[in-house]
Each structure stands twice: as structure tokens, then as C-alpha cells.
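Colleague: Work the whole structure out from these sequences, hints included.
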Amino acid sequence: MTTRTKFFVGFVCFAVVAAAFASTPDVKAAQPTAPALVAQAGRVQVDFWHGLGRPLGGILEDIAAEFNASQTRYHVNATFKGSYPETMVAAIAAFRAGNAPHIVQMFEVGTATMMAAKGAVKPVHELMKEAGVPFDPSIYLPAIRGYYSTTDGRMVAMPFNSSTAVLWYNRDAFRKAGLDPAKPPKTWAETRAAAQRIRSTNAAACGFTFAWPTWTQFEQFSAIHDTPLATKANGFEGLDAEMATNSPLHVRHTQALLDMMKEGSFKYGGRDSAADALFPSGECAMIHASSGLRARVLRDAKFDWGVAYLPYYDDVKGAPKNSIIGGAAFWVMTSPRRTAEEYRAVAEFFKFIGRPEVVARWHMESGFLPITYPGITLVNALGYYAANPGADIPYKQLTRSLPSRNSKGLRLGNMPEIRVVLQEEMELVFQGQKSAKAAMDAGVRRANEILRRFEKVHTGQ
Amino acid sequence: MHRRVVFEGKFLPYLLLTPQLAIVIVFFFWPAWQAIFQSLLRQDPFGLRTEFIWFENFVQVLSNPFYLSSVRTTVVFSAAVILLAMSSALLLAVMADSGVRGAGVYKTLLLWPYAIAPAVAGALWLFMFHPTVGIFGRALNAAGLGWDYMLHGWQALLLIALASAWKRVGYNFIFFLAGLQSIPKEVTEAASVDGAGPFQRFRKIIFPLLSPTTFFLLVVNVIWAFFETFGVVHSLTKGGPGKATETLIYKVYVDGVVNLDLGGSSAQSVILMLVVVALTAVQFRYIERRVHYQ
Numbered sequence: 005m006t007t008r009t010k011f012f013v014g015f016v017c018f019a020v021v022a023a024a025f026a027s028t029p030d031v032k033a034a035q036p037t038a039p040a041l042v043a044q045a046g047r048v049q050v051d052f053w054h055g056l057g058r059p060l061g062g063i064l065e066d067i068a069a070e071f072n073a074s075q076t077r078y079h080v081n082a083t084f085k086g087s088y089p090e091t092m093v094a095a096i097a098a099f100r101a102g103n104a105p106h107i108v109q110m111f112e113v114g115t116a117t118m119m120a121a122k123g124a125v126k127p128v129h130e131l132m133k134e135a136g137v138p139f140d141p142s143i144y145l146p147a148i149r150g151y152y153s154t155t156d157g158r159m160v161a162m163p164f165n166s167s168t169a170v171l172w173y174n175r176d177a178f179r180k181a182g183l184d185p186a187k188p189p190k191t192w193a194e195t196r197a198a199a200q201r202i203r204s205t206n207a208a209a210c211g212f213t214f215a216w217p218t219w220t221q222f223e224q225f226s227a228i229h230d231t232p233l234a235t236k237a238n239g240f241e242g243l244d245a246e247m248a249t250n251s252p253l254h255v256r257h258t259q260a261l262l263d264m265m266k267e268g269s270f271k272y273g274g275r276d277s278a279a280d281a282l283f284p285s286g287e288c289a290m291i292h293a294s295s296g297l298r299a300r301v302l303r304d305a306k307f308d309w310g311v312a313y314l315p316y317y318d319d320v321k322g323a324p325k326n327s328i329i330g331g332a333a334f335w336v337m338t339s340p341r342r343t344a345e346e347y348r349a350v351a352e353f354f355k356f357i358g359r360p361e362v363v364a365r366w367h368m369e370s371g372f373l374p375i376t377y378p379g380i381t382l383v384n385a386l387g388y389y390a391a392n393p394g395a396d397i398p399y400k401q402l403t404r405s406l407p408s409r410n411s412k413g414l415r416l417g418n419m420p421e422i423r424v425v426l427q428e429e430m431e432l433v434f435q436g437q438k439s440a441k442a443a444m445d446a447g448v449r450r451a452n453e454i455l456r457r458f459e460k461v462h463t464g465q
Numbered sequence: 004m005h006r007r008v009v010f011e012g013k014f015l016p017y018l019l020l021t022p023q024l025a026i027v028i029v030f031f032f033w034p035a036w037q038a039i040f041q042s043l044l045r046q047d048p049f050g051l052r053t054e055f056i057w058f059e060n061f062v063q064v065l066s067n068p069f070y071l072s073s074v075r076t077t078v079v080f081s082a083a084v085i086l087l088a089m090s091s092a093l094l095l096a097v098m099a100d101s102g103v104r105g106a107g108v109y110k111t112l113l114l115w116p117y118a119i120a121p122a123v124a125g126a127l128w129l130f131m132f133h134p135t136v137g138i139f140g141r142a143l144n145a146a147g148l149g150w151d152y153m154l155h156g157w158q159a160l161l162l163i164a165l166a167s168a169w170k171r172v173g174y175n176f177i178f179f180l181a182g183l184q185s186i187p188k189e190v191t192e193a194a195s196v197d198g199a200g201p202f203q204r205f206r207k208i209i210f211p212l213l214s215p216t217t218f219f220l221l222v223v224n225v226i227w228a229f230f231e232t233f234g235v236v237h238s239l240t241k242g243g244p245g246k247a248t249e250t251l252i253y254k255v256y257v258d259g260v261v262n263l264d265l266g267g268s269s270a271q272s273v274i275l276m277l278v279v280v281a282l283t284a285v286q287f288r289y290i291e292r293r294v295h296y297q
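Note that the protein sequences, when read in sequence, are chains A and B.
Counting from 1, position 234 in the first sequence corresponds to residue 238 in the working numbering; the numbering is continuous, with no gaps.
Counting from 1, position 245 in the second sequence corresponds to residue 248 in the working numbering; the numbering is continuous, with no gaps.
Please note: incorrect hints may appear among the correct ones.
[What the hints assert, rightly or not] With a straight-line Cα cutoff of 20 Å, these simulated DMTMM-like cross-link-like pairs (lysine to aspartate or glutamate) come out:
| hint | chain 1 | residue 1 | chain 2 | residue 2 |
| --- | --- | --- | --- | --- |
| 1 | A | K122 | B | D151 |
| 2 | B | K241 | A | E90 |
| 3 | A | K126 | B | E231 |
| 4 | A | K180 | A | E287 |
| 5 | A | K122 | B | D47 |
| 6 | B | K241 | A | D276 |
| 7 | A | K438 | B | D151 |
| 8 | A | K460 | B | E54 |
| 9 | A | K266 | B | D151 |
Just so you know, the hints here were simulated from the structure itself, not pulled from any lab data.
No experiment lies behind these values; they were computed from the predicted model shown.
Modeller: Encoded structure:
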């Protein structure tokens, strides 16, 4: 009780203070645009909650403002609601209060939760059809379309900011270590050799690290090796999927990481994005991280760097396949008082953000993937890839093969929780408390319990 | 000398109580009732499918080995924080009370950490003890101690305990100082005349006379260590590595807000609520008997 009370009191205080701070600039900003506000009064208002901080959120809000300026009937109010999990919780709370926003941005691992919330979410294919807005899903890259589609190929969410994991490497450190900066490692054997060499020549304090441990070393890793992360096509074919991350390949890889850590060629950089900082600072010469790290590397890295494909074990049949996506998509939420005209407004906004010029601009300014084929064509025509070598690696890696059952994406309930479980088990291996096999088995057992809980909640069985 | 204030009729007293009651009901009883109700349900996050399952959530929580290890973590963490925060505050207060030069400045400076928001405190400690960016972190590694709180559980626990205790020292210090200053000088002077040394004076006279303050601080610090340390954990370790720093309150947050298991998270809050009620009751019933009130 004490917690909740204190939480609420704290929250109220925070809200009051935040309101006080927020209202001051608003008043100032509102004055010159007063006529615009009057003009907006007759427009259909669309509430759009997103989870991107600055500078990315600013670019997104600019796109919404452009949409508002491009026509006179609809008005999208883009609002930052905190990190992705915070935005998700805010949207859920608002839905429960009968007050959901029209559009909410949700990270890719929330996909299964959103899809299971039938009645709370309006699938995009249904929205476009009802609103009579022409919509062609085939312009989206297959790995992106697949992630957000039902098994029979109908899109449920609107992709927007998709990323994928790539290898970032320090070309100066490669040179210093006597490695060829034009030849980044292609396989895990080469990765290890390069990392050892970087350490033995002391070209960098750390040879190799990775951010987003579960995403880069399990999710991407499984897709690239055409190996299931979970049964039932990674959960696409049913809520009764079970984890498969204790396969010999996963155990072998975890053991290899441990060996690398022991010999000093790999350094564990912490959970989620914590390791990101180790690359631009020059400490680690190689990192597996999001393609979205680009803006930060451009800004902070004081050395010559390059981007390359994620490595693979060359003795695994079928490798390398396409990688999978991360990032977030837009979901349409329902509400008891929602009108057809409001859905129409959402559909028009989605049509707008699917335009090649918007896709291209978002890609070039933010570093997220170009998500449609016309968008890529336009970016190419603008000469962006010629001027920015390596900027096309993420989408090339994503499209280097047609997605298989194992590289289409994930549809696992409570995925954020599963990610944490796998991170924890990996950490136990690195701490020397568990063998790779024991940790992977425990990870599967624990993650399966989480999947069963999700299944129970959504089917009552 | 006692004067009783008597209100005319019954209306006015209730009217005067209304604002306080409204706050208590809205921010205390209503959420508590919601938590109890939710803890008996299995529900998807959106509230589209609800099932009444009696105490299944409680059974699951209490049979979960990670919950039990979280209890252990919380006990170790709280004990460390309380011990550190109270003993160092007492030491500082005794020193301040013995009339050091510039005691005013000293007191004000000691209060500062208490005014710092937990998230900011977390960031400060992060900058000091981060294994690669932090000043002390680098120094520890240069000394060959293998400091990396992102990998070693005990280091992470030590770090959040230090950061939390540091934030609490100022608060405890002020109360201890006030307590010390309210002890009449005649008592200690009489003891000195009888030949008691400084240590004996402290143990036999000052500490017993200080016990009401110590007791009050103990109660407040227990509750504080249980509930108010969320910000430091969140900004420093997020419960990791493994689950080494996942305290009970942090687990409520992780399961409810991150994992969206509303039933399980509510069951945990209800358990916590009972624990605090029990702890407070025990403290007042048994420990208070040994407390000397003047």
C-alpha cells in the first residue's frame, strides 16, 4: 500500500511539475500560431503516441507536421510518451480507461502481445479496406512485411522505424593490428581471429563486443543460420510454440563467446544498449549493434569506421540467411467512441508515411532502414549510397535471401521478458556459474514457462 | 492546563476531515483495493479476457525460486543499507555535536545527498564506478581488482547499497544530531565527573538516551530501504546482472510494467503490503519496549 500511495503521490507531484514546465513554452509557442489553431478546430484529430526521444522523435514529429500541412481535413498530434515499454503501458492503461490513442508506436517484441489483443487493435489491412484507401503491402521489404503480417499474409501493423543488427568495425584499429580494413570478418572464425589479433597487437582495448545481447546473439543469430529460435515457425503458427535456444548450435555459440571472453578477445558490455558506448569511444574495435547506431557513430567516433554483415559459422548448412528486424511499428487502437472518419484520418496518415519521399527522408535522417522498394529506388537515385558507403549494408543484409520459416521474424508472447531471461542465462555463463549447456537448458525452461503463461492468459487453457 | 476544543454539532469536524480523507481514499484505499482485486485475477494486459482464479497468483509467486531469491537479495540489501546509513550518520552526528569548527557548513553539506533525486544519484555513482568510464571504476581496474558490476553480482549489490546508503545518511544525520542535542549536558558532565571516559559515556548514557531516535529511524529506514530504493536500482543496474540486484520492489515493477503480468505483480504488492504491516507491528511491539522515552 505504501508503495502505491507513494507512487501516486510522486506521480501527482511529477505531473504538476511537468505541467508547470510544459505549459510555459506551450503558451509562448501557441501565440504566433493562433490562426492555425483555429483552422485546426474543424479538423479530425488523431492522437499518436510514440516512444522515440530526441533527435529521432523530432524527425518523426516533423513528418506528422508535414502531413498536417499537406491537407486540411486531418490533424495528427504526435506525442512522446517515454521509452517503448513506457509507451506500451501508457497505451494499455488508456485503452482500459476507454481512452486509447488512435495510433501507438510499439517495439517489435510487443508484436505478439498486440496481435493477441483482438478487439483492442484494428489490423492495418482491415483499416485500409474500410477507409477505401489504396494500400499495396508488396512494396514493403519481405523481412519487414513478414514480421508484421498474419500467417496468411495480411498486414496487421504499419511498419515505420525498422532496424537490423550489423557489424560496426574500427578501420583504424584494423590497420594498426595489420588487418585489411577492406576485409571485415565474414565468419565467426575470422571474427575471433581478428579480435585476437587486435588484442595481441593492442590496437584497441577490446576486440569484440555486442549490444542487445538476446537480439544480436540469439534472434539475429538464429535467423542468419536458418535455425529455429522457437518451434511453430518461431511462434507464427501458434501460441503453443516452445523455445529452441538449447540446440547444439546455440550452445556451441555461447561456449565460443565464453572462450573468447576468457582469452580476452571479447568483452561483455551489459544489457540492452549499454554496450553501444564501447564502439564510438574507440574502446572496442568490433561491435554487433543496431544499424540505428549510425547517427551516434557519425557524431562521436573519432576514427575511420566501417559497416559489414553479421558473421556466421560457415559449416552450418543454409547460412547466411537474411537477418531480421528490430525497431518499431505503428498500431491502430480501438476505442468505444471511435468514428469512421477518425479511422479514415489514420489511413490517410499511413498512406502518407508510406510515400517514397517520406520513407527515403526517414532513412537518410535517422539511419533506420528504407522499408519500401520505391523508397530504396529513390534513395539510390539521390546518390545517398554513393556518398555514404556502407549505409546500404543493413538493407542488403535484410534482403540477401527470401525469409524462411526461421528468418521471417518472431511471434512470441511476452518476448521482452524472454529477452531478459536469455540475457540473464548468458550472464551466468560469463560469470562462470553455469556451463553453456546448463544455461541454455535453463533459458529454454524458463522462457517456456513465460510462453505458457501467455498462452493461458490468451486462451484460458 | 489541558484545554479541549469542542466543535458544535457533528458537521464541522467531518467537513474539516474531508480533504484528508479524500486523499487517503483516492491515493491509498482505492489503489490498495485494486491491487487486492487484481491479485485474484488472471487477465491479459488490455483487460479483454478476465478469469477469477482465487489464490493461484499467490501460489505461483511464492513457489517461484526467483521470488525467494529476491527476498534474500532484499534482506541482504536492506540490512546493508540500514547498517551503513545509520552507523555512518551516527558517527557524523556525534562528531558534529562535539563542536567542530564550521559545523553549520558541515551540516548543510551532509544534507545535500538527501535532496538529490534517485535517478541523478544513480547517474553520479554510475559516472564514478562504471568500469570503463568511471574514475573509481578505472582506478579499481588499474589496481587489478577486476571491477565490473555489470558482470559480478556482489559488486552490483555493493554498489547499489552504497549509493542508497549515501543518499540516506543526510536524513539520519539530522535526526541523530537533533537527538544528541536534546540530551541534557548535565547528565554527561555528571558521568565525566564520576570518571566515565568518552566511549563509556556514549555507550552507557548517550546511546540509551538516543534510543527513541534510533528506533524511529530504524522503522523509517526499513520502509525506505524496501520501497524507496527503486530509483537507484533502476538507474544503476536494472536488477542485473542475472537477478543479483532484483529487490522485491523492483520485481513488482519488472513483472507488472515490463512483463505485463498484472496478476502476479499485484500479488507481489499485496505480499509486500502484508510484510510492511507485520514489520511495523513487530517493531512497535517488541523493540519499542527496550526504548527509553524521557
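Colleague: State for each hint whether it applies.
Modeller: Hint check:
no.	hint	in the structure
1	K122/A to D151/B	violated, 45 Å
2	K241/B to E90/A	holds, 15 Å
3	K126/A to E231/B	violated, 40 Å
4	K180/A to E287/A	holds, 14 Å
5	K122/A to D47/B	holds, 11 Å
6	K241/B to D276/A	holds, 10 Å
7	K438/A to D151/B	holds, 19 Å
8	K460/A to E54/B	holds, 10 Å
9	K266/A to D151/B	holds, 15 Å
Comparing the model with each numbered hint stated earlier shows that hints 1 and 3 do not hold.
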